[in-house]
Amino acid sequence: MKPSALFLLGSFALLISWSAASQSSNAGLGFGYERIKSRKAVQFDPKQAYLLVETNLVANIEFVKAATADESERWQALRLEAVAQATAEGVQAEQVAWPAVESQLRVRMDVLGHFRRNRDAVLYLYEVPPGTYTFYAHNSYKTQDCACMGSVSFPADAGVITALRIQRRYLDTDGKPQVERPKGVSELEGLMRSALEISPPTDQAYDDRLANSEIVAAVFTPVPAVPNWGHYIVNRVLPMDGLFRYERDQLVRE
Amino acid sequence: MNLKLSAILLGAAALSAVAVSAQDPASVARPQIEFEETRRTIKQYDQYFYFHQEATDFSTALADIRECDLRARGLYDAELVYGLPKERAVDPSDTFLAGIAGPMAAGLVAAIAAPVEARRERRFSLRRCMFFKGYDRYGLSKTLFEQFNYAATETELSEFERQRMLAQQALVASGPRPKTAPLGL
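These protein sequence lines are chains A and B, in that order. Numbering-wise, the first sequence is residues 1 to 254 according to my numbering. Numbering-wise, the second sequence is residues 1001 to 1185 according to my numbering.
Isolated chain A, as found in the complex:
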């Protein structure tokens, strides 16, 4: 099917089934997060953390929260329940696969869940539980990439907005970042040759509605790998000066 046809079908589907979620939670773990949408100055909960992502195009952007001891314990209890149920049905316990708890602690900023969108930048703002977050995926029309082979994590503390910039960068055939989309290739091939760049936020991340809160730039720590829970296309974050580089597929801290 041609991309244009797929897009038309998607648009039709949009008309018949509008259900842009603004809130998500995992009842089993008590983990939840919420999109911030406000025309006035935002009222912040000092007990919650806030993630502000500045990007250059709309996308589903995902993060994974590191599990707390309590979340790990709850997940283990749920696993034991599942194993008990499976063994009662005649299945051997070791045959019950159970994902890492972090697979259940994913925050997805929905493509249309932006806080602000204009010609130069898109902002996503979500209220999340305080903790350490790892950048996981960037899903835009036609490509769904996970930072499975190299990412970064950062703390998101209560009472402040932790901000970062994420953008897709085109690469040449040697893997070097380019400003322009590769010429002479299809749009899909151009996207194939792209990586995800993470950097501190710019002035574009400022918004008058956030004046009541402190905005801090995320402090990054390299993460060598993240499992491909979503069956996305594998990719990685571009190296960051002074923080990490790659030697082939190995992430090397600097």
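Errors might be hidden in some of the hints.
Stated by the list, open to error - If you want a taste of the chain A side facing chain B, the calculated C-beta under 7 Å gives, among others:
#1 R39
#2 M149
#3 T173
#4 G175
#5 E187
#6 M192
#7 H231
#8 V234
#9 N235
#10 E247
#11 R248
#12 L251
Worth flagging that the hints you see were computed from the coordinates, not collected in a lab. Just so it is clear, the structure is predicted and the values come from calculations on it, not from any experiment. The beta-carbon is built from N, C-alpha and C at its ideal position, and this holds for glycine as well.
Given chain A, work out where chain B should sit, using these hints.
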């Protein structure tokens, strides 16, 4: 995600896919990679290709190709595997379209576009993963490519068949230097 859905049984196929065993390269049939280049074949090099790296032995190439294959299938790291070893066992609510049209609509569109998308996504994952590992990519004709590569939609293939093809790819990846120019990422 429904927790019950998470408690999915691992099939024997997935376990055999994860296992990396020693293999004698002499037991692997070397695939044909020489062909007559035409305008048509050149146009399709984004889809049909093989990998090669200088000074790489067979076992290293096999480990690399198996890793990238598992990554492309979402099965890499046995401890963290979830889901059946089906290609594209994706929860529609995880997709980009779900963000704008809801999981039901995303599922509808995914059902129509899935085969094409799945094949492309596998190619993209393999190309990126092998590039990150330092392998060069070389163009191949569709006919020759299909002799020792499988597509994401070939779900009827046995794990044995998949592993046989991966071994052939490793043999080429660690074999003589190709006579054609590398394509890059």
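To see whether the hints hold, each was checked on the structure:
1. R39: Since the shortest Cβ distance to chain B is 22 Å, the answer is violated.
2. M149: Because about 6 Å separates A/M149 from the closest Cβ in chain B, which is inside the 7 Å limit, the hint holds.
3. T173: 3 Å, holds
4. G175: 5 Å, holds
5. E187: 12 Å, violated
6. M192: 5 Å, holds
7. H231: 4 Å, holds
8. V234: 5 Å, holds
9. N235: 6 Å, holds
10. E247: At 9 Å from the nearest chain B Cβ, A/E247 fails the 7 Å test, so the hint is violated.
11. R248: It holds, given that the least Cβ distance between A/R248 and chain B is near 4 Å, below 7 Å.
12. L251: 10 Å, violated
Of the hints listed earlier, those the structure fails to meet are numbers 1, 5, 10, 12, in rising order.
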